[in-house]
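Student: Which chain is which? The protein sequence lines are V and Y, in order. Residue numbers for the first sequence, in the numbering used here: 8 to 529. Residue numbers for the second sequence, in the numbering used here: 8 to 529.
A few of these clues could be false.
For identical chains, the list gives no copy identity; a pair is met inside one copy or between any two copies.
Said to hold, decoys possible - Simulated pairs of lysine-lysine, DSS-like, Cα-Cα distance not exceeding 25 Å:
id, residue 1, residue 2
1, Lys470, Lys458
2, Lys459, Lys470
3, Lys458, Lys409
4, Lys218, Lys458
5, Lys459, Lys218
6, Lys301, Lys470
7, Lys409, Lys14
8, Lys470, Lys98
Calculated directly from the structure, the hints in this document are not laboratory data.
The chain contents come next:
There are 2 protein chains.
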Amino acid sequence: MTWDRFKQHHLPFPSLGLALDISRVPFPDGFLASMEAPMQRAFAEMQGLEAGVIANPDEGRMVGHYWLRTPSLAPTAAIAAEITQTVAAIKQFAARVHAGELRASRGTFTRLLVIGIGGSALGPQLVHQALGRPGVDRMQVSFLDNTDPDGIDTTLRALRDELAQTLVVVISKSGGTPETRNGQLEAAAAFQAAGLTFAHHAVAITGAGSKLEQTAIREEWLARFPMWDWVGGRTSELSAVGLLPAALQGIDIDAMLAGAAEADTVTRRAVTRDNPAALLALMWYHITDGRGAKDMVVLPYKDRLLLFSRYLQQLVMESLGKEFDRTGRVVNQGIAVYGNKGSTDQHAYVQQLREGVNNFFVTFIEVLRDREGPALEVDPGITSGDYLHGFLLGTRDALSEKDRSSITLTVDEVSPRTLGMLIALYERVVGLYASLININAYHQPGVEAGKKAAGGVLSLQAKLTTALAAQPGRRFTAEALSTAVGSPGQTELAYKVLQHLAANGRIHATQATPWWETTFHG
Amino acid sequence: MTWDRFKQHHLPFPSLGLALDISRVPFPDGFLASMEAPMQRAFAEMQGLEAGVIANPDEGRMVGHYWLRTPSLAPTAAIAAEITQTVAAIKQFAARVHAGELRASRGTFTRLLVIGIGGSALGPQLVHQALGRPGVDRMQVSFLDNTDPDGIDTTLRALRDELAQTLVVVISKSGGTPETRNGQLEAAAAFQAAGLTFAHHAVAITGAGSKLEQTAIREEWLARFPMWDWVGGRTSELSAVGLLPAALQGIDIDAMLAGAAEADTVTRRAVTRDNPAALLALMWYHITDGRGAKDMVVLPYKDRLLLFSRYLQQLVMESLGKEFDRTGRVVNQGIAVYGNKGSTDQHAYVQQLREGVNNFFVTFIEVLRDREGPALEVDPGITSGDYLHGFLLGTRDALSEKDRSSITLTVDEVSPRTLGMLIALYERVVGLYASLININAYHQPGVEAGKKAAGGVLSLQAKLTTALAAQPGRRFTAEALSTAVGSPGQTELAYKVLQHLAANGRIHATQATPWWETTFHG
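Bound-form chain V, shown alone (with noise of 0.2 Å):
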């Protein structure tokens, strides 16, 4: 019965050594069919926007993500060429690095210091976490990925005695990215208290014409590296953004590109049974009823793929997570991805996923080698892996009685070259899934409302210090002072604001009983 069923709906894509399991997601027999004209429609999109029409038209943008592991395919010569060329000048800069010819205030660079955030920090932690070896490594990495003083003072503090021997690599398309500019101000102060230069060990990825790209010439830094702007910030890893990292900590980059790009062929065909993107976007689209109805848990039962699912969060929620459709609808549309990895997270929500709420779909990665080298014996005849294998097929079947759907995908191994197969895969995914959901999934309106907020605290701060700095010892209310400096509407906004800098010692606060009569001054 369920035989039958994973007979038909099993699927091996033996090019890519991956195969997808949609036998455990019950959708009807015609379902497939029912849905053939809209996955066509999606196809031709996807030709289109791979051909180089601006397919993020609120942007007025080309979305040129599968150009970078295909250049033939870039709508011009230039874009080819530029794509080559930054491949080719990556590696060599890598070599230079490894080979000492690029050399540290003091000796050989041996640490490399990341600072970006979002589409230029995930891809490149994803790559390290799953991908480095300690002890073969070429570099060891670590990462600035937020504007938290005390996480930037722990990272930096690990480098304390290696600064002499770091690479920083500063990732910003727009080079206006405040918490990635907020790490680089850190770092630099850190190299200069310690007598380093910063401009001689520091690299930039970013857009042409950015700030940050004036500050890497006007500082002479080592090296500069593009960003384009027709590659978004969560689709930027196969571009220098992932690869120079990577190539760095001594990943083979060619290997990354070339699972990319072999994903990329097999997820171009427009038959949607031998198109493992198109038959996962028709299970998101089954599933979740079209509308984020259910949760997506990624559990890959393989400790290297552990930031998988937060990369999966990004990629997925940012570019599906949209208010409208393309034709002005008002659709709230996208689907919540979470999950850490098997079989650690059975420990920590099976309970819930098999007996509580059935509001979500898992997806497992099953990655069939277990280890390098000789396996020990747990039990006779049985390995680690063994019981890793046994636990994801377990929990399978464990919730499959229990009427929760998911999708298997087997990969052989965890590779450059697999990684860059699983990038590009759901890419194309959700690609298709935006067509058949019809929105523009390269965009992000949303997140300017927040930085925009933030921007407005910021100036309110701005505005509360400059008037307590004018009268100072005189104690004002909360609401005393945002009224004084003209902004009676933003009082919880202010009371907030002074909280904060009394903690920091920045101005006193005398707490008072009803905690809104507490006075501040400066």
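Starting from the known structure of chain V, fit chain Y onto it as the hints suggest.
Tutor: Just chain Y now, with coordinates in the frame of chain V:
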């Protein structure tokens, strides 16, 4: 307008250094009053639980994690004495390790390897991440929290040159958790390969009479610490499970316990409005309609709290994700939890939170203190911490504007005391909420099914390998072999197991088309 609601529903708890803001949850005026009777019942049940009734009837167990930080509350003097003696023994053991009185095979112990999974790993991992200080910690900590052979290899390889200075703490209540047992066996093999006696490096934290205890006694491990049947895994952080690794790392465990005890005092109050745990439970109830209708997105704006959402994911989902209520009615309860940290996650999925499916509420965790020591100005008068704080407030506003609910928890700083307080706070929220929805929060019947199914997979594997070994060279399809071993209903599993064995060179596969004609031989 918002200021008035904020005045009413922003509630500081100064003795905890905590404030709870529920003003951004749009519950109507009469809601708290309407829930007062069930809330009082929940308080009464909690009182019974703390007094030692069998609050987990399915397993016939008391639920005693609150006694861990206030032993005087324990129902018997013997239990109280055990708790107190264990904390003293932990501190003494850590002091002897730090002083070099307890020595490794060669020299002082400088590394700590913790082996555990689920409740025996996430707490120690959270504490390690939240409170670790490079250069200050007494020992460097790593974890084996899975049965992934490659993950085990990676962790052990990183420790390779320092195994002689490594103390290993193995944590398993039953002593029978396969992931932990496998991790222990793999680690022991690595010690043996390095010419070291594992027992001279090993400490057990386990239940009385467990297999792990027997091994530790027989092999004369360095020490043993107890796990009690009245402490569940997911609430064991303030037992030896969490306290021993923390003490070894150099963290002030008395402060952790004191923070938890203070939170217990406040969350024991039977006046709803004075009890932050009760208010949080009521907000969960209101927002999720008492049936998990929305996901909980946990966003601490502080790198140190990155794992707090994963910790809560386990605590909440394993406790609340239940098929039956306490009367045996099918309820399929639970609340899905995910999140990493702000502002980083803003770049990953605030797009969807603001614009997409409105199927969640956010819990912001605001930490007032930015960093130790002076702050760099990244703009005139503005620090990196101001940006972090501004992003939190800005995102909070941006979500409210779009009718997305949020709760904000404010703490002064991330310290042992605060962390103990947060852990205790959420343990109480989960307990009270479970009363409101009438479920047993302290068992996990759904976990067994997956384990049992995994056991079935391993039995099947043994049958398959035995059959292949008995007829070397003879080729079987999965279908033929599963029939031959008398498991014709398990052909799908047999195929998966055979593919896994073949990928690891333990049997041979001859791939065919269609794939189910693939044959396997020994």
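Student: Taking the hints in turn, state whether each one holds.
Tutor: Each hint, compared with the structure:
1. Taking the closest pair of Cα atoms, Lys470 and Lys458 come within 25 Å of each other only inside a single copy of the chain (19 Å); across copies the shortest separation is 60 Å, beyond that limit.
2. Taking the shortest Cα distances, Lys459 and Lys470 sit within 25 Å of each other inside one copy (17 Å), while across copies they are farther apart (63 Å).
3. Taking the shortest alpha-carbon separations for Lys458 and Lys409, only the inter-copy value of 15 Å comes in at or below 25 Å, while the best intra-copy value is 43 Å.
4. For a Cα distance limit of 25 Å, the shortest separation of Lys218 from Lys458 inside one copy, 18 Å, qualifies, whereas the shortest one across copies, 55 Å, does not.
5. For the homomeric pair Lys459 and Lys218, the shortest alpha-carbon distance inside one copy (19 Å) is at most 25 Å, but the shortest distance between copies (58 Å) is not.
6. In the homo-oligomer, the alpha carbons of Lys301 and Lys470 never lie at most 25 Å apart, since the shortest distance is 45 Å inside one protomer and 38 Å across protomers.
7. Taking the shortest alpha-carbon separations for Lys409 and Lys14, only the intra-copy value of 21 Å comes in at or below 25 Å, while the best inter-copy value is 46 Å.
8. Taking the shortest Cα distances, Lys470 and Lys98 never come within 25 Å of each other, neither inside one copy (49 Å) nor across copies (50 Å).
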